[in-house]
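> Sequence:
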Amino acid sequence: MADTPAAAAPSLAALDAVADRACEPPTGASRAKQLRWVAGELRTALERGALPPTAAGSLAALLAPDTLDAYLTAAGQGLLRRRPAARPDRASPASMHVRENCLRILASRAGIPLALPDRDRPAVTLREVVAARPRGILLAHLEHATRPGQDDARTRILAVVATVLDTGCRAGELCALRTDDVDLHRGTLRLTRLPQHRDPRTPPATETVPLSPTTRAALRNWLTARERLTLRDPTKPPGPDNRTTDALWVSIAPSGHPRPGLPLHFRGLARAYARAVHDLNTDMAGQPGWHPLPRRMEPLRRAVQPRPDDPTASLPTRNSALPSPPDTSRPWESSPAGRREPGHRTQPR
Numbered sequence: 001m002a003d004t005p006a007a008a009a010p011s012l013a014a015l016d017a018v019a020d021r022a023c024e025p026p027t028g029a030s031r032a033k034q035l036r037w038v039a040g041e042l043r044t045a046l047e048r049g050a051l052p053p054t055a056a057g058s059l060a061a062l063l064a065p066d067t068l069d070a071y072l073t074a075a076g077q078g079l080l081r082r083r084p085a086a087r088p089d090r091a092s093p094a095s096m097h098v099r100e101n102c103l104r105i106l107a108s109r110a111g112i113p114l115a116l117p118d119r120d121r122p123a124v125t126l127r128e129v130v131a132a133r134p135r136g137i138l139l140a141h142l143e144h145a146t147r148p149g150q151d152d153a154r155t156r157i158l159a160v161v162a163t164v165l166d167t168g169c170r171a172g173e174l175c176a177l178r179t180d181d182v183d184l185h186r187g188t189l190r191l192t193r194l195p196q197h198r199d200p201r202t203p204p205a206t207e208t209v210p211l212s213p214t215t216r217a218a219l220r221n222w223l224t225a226r227e228r229l230t231l232r233d234p235t236k237p238p239g240p241d242n243r244t245t246d247a248l249w250v251s252i253a254p255s256g257h258p259r260p261g262l263p264l265h266f267r268g269l270a271r272a273y274a275r276a277v278h279d280l281n282t283d284m285a286g287q288p289g290w291h292p293l294p295r296r297m298e299p300l301r302r303a304v305q306p307r308p309d310d311p312t313a314s315l316p317t318r319n320s321a322l323p324s325p326p327d328t329s330r331p332w333e334s335s336p337a338g339r340r341e342p343g344h345r346t347q348p349r
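Numbering (the numbering used here) for the sequence shown: 1 to 349.
The set of hints was computed from the structure by calculation and includes no laboratory data.
Here are the simulated distance ranges between beta carbons: (1) Ala13 - His97: 25 to 33 Å; (2) Ala94 - Ala285: 31 to 39 Å; (3) Pro240 - Arg186: 17 to 25 Å; (4) Pro292 - Ala32: 37 to 45 Å; (5) Ala17 - Arg186: 45 to 53 Å; (6) Pro292 - Arg259: 29 to 37 Å; (7) Pro238 - Arg82: 46 to 54 Å.
Backbone N, C-alpha and C fix where the C-beta goes; we use that ideal spot for every residue, glycine too.
Whenever a hint applies, use it, and build me the whole structure from the sequences.
Okay, structure coming up:
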């Protein structure tokens, strides 16, 4: 491909203006970064001669079907990269999906009809979910471990895992939870669903999800620890005016900050989960039927299946295909926390 001067191309000036408008609020920072990335790739494609010469004339020509076909082909073959990549010969399906979504947004903001070319989409292989047997052992471990007196990090991660197993929520949905979303008296959690690739202009759906007794106990213990961690002034009584944040999940130990009790964001939650799962796998090594849990939350979350017989299928439940109840030779299963109430639905962890 021969390089073509494109600095003064009218289509690129119009594209930059549309991208600037598309990146304004309420567009999130991540989507804005993606929009500017795609606009930059279109500029690179034009400069490198990967697009028809007519694409320089106007924004409509730049977003024409034949131009977009040439752009997506070049991007898919890795010809527009500015930095080295592990697989320079091809782009990932996820990045191609992002490109197409951004093109739709840019065309919509410009008022230009968009016709994306039909492209072969490779089959997506999902990671294996956590099997029923390890989830069952994890349930028993949670019921044994959700009690006062644990260290704060273990208390927090047990509450996180129990919440994921009750709700099937994503990491971003966990980070968005506030203390007001938890109602321990009714045993419910108010959860705002934030699915991937949702239209930012569509209001998110909010659900009230019932919590199992184990999750209620885990959250109760965590809220007790959290109240201490988020005190702004330890000499004053707890209250709304004497706490650092209303975020449900907060930091345990300072990490570049002068104090704990600050909101836990996505990366911090992922690191905390990975550390705790490593410790849990060490603790559970040698238990019959136990296989190490993955250090990412996604396989655990995807193990939560919708109820097939429930018309409100948006409410998740743990898959009921658990092995038979474990014997009472394990100490936590003979404790009060390990006994299930009559009619309690056994659900895998």
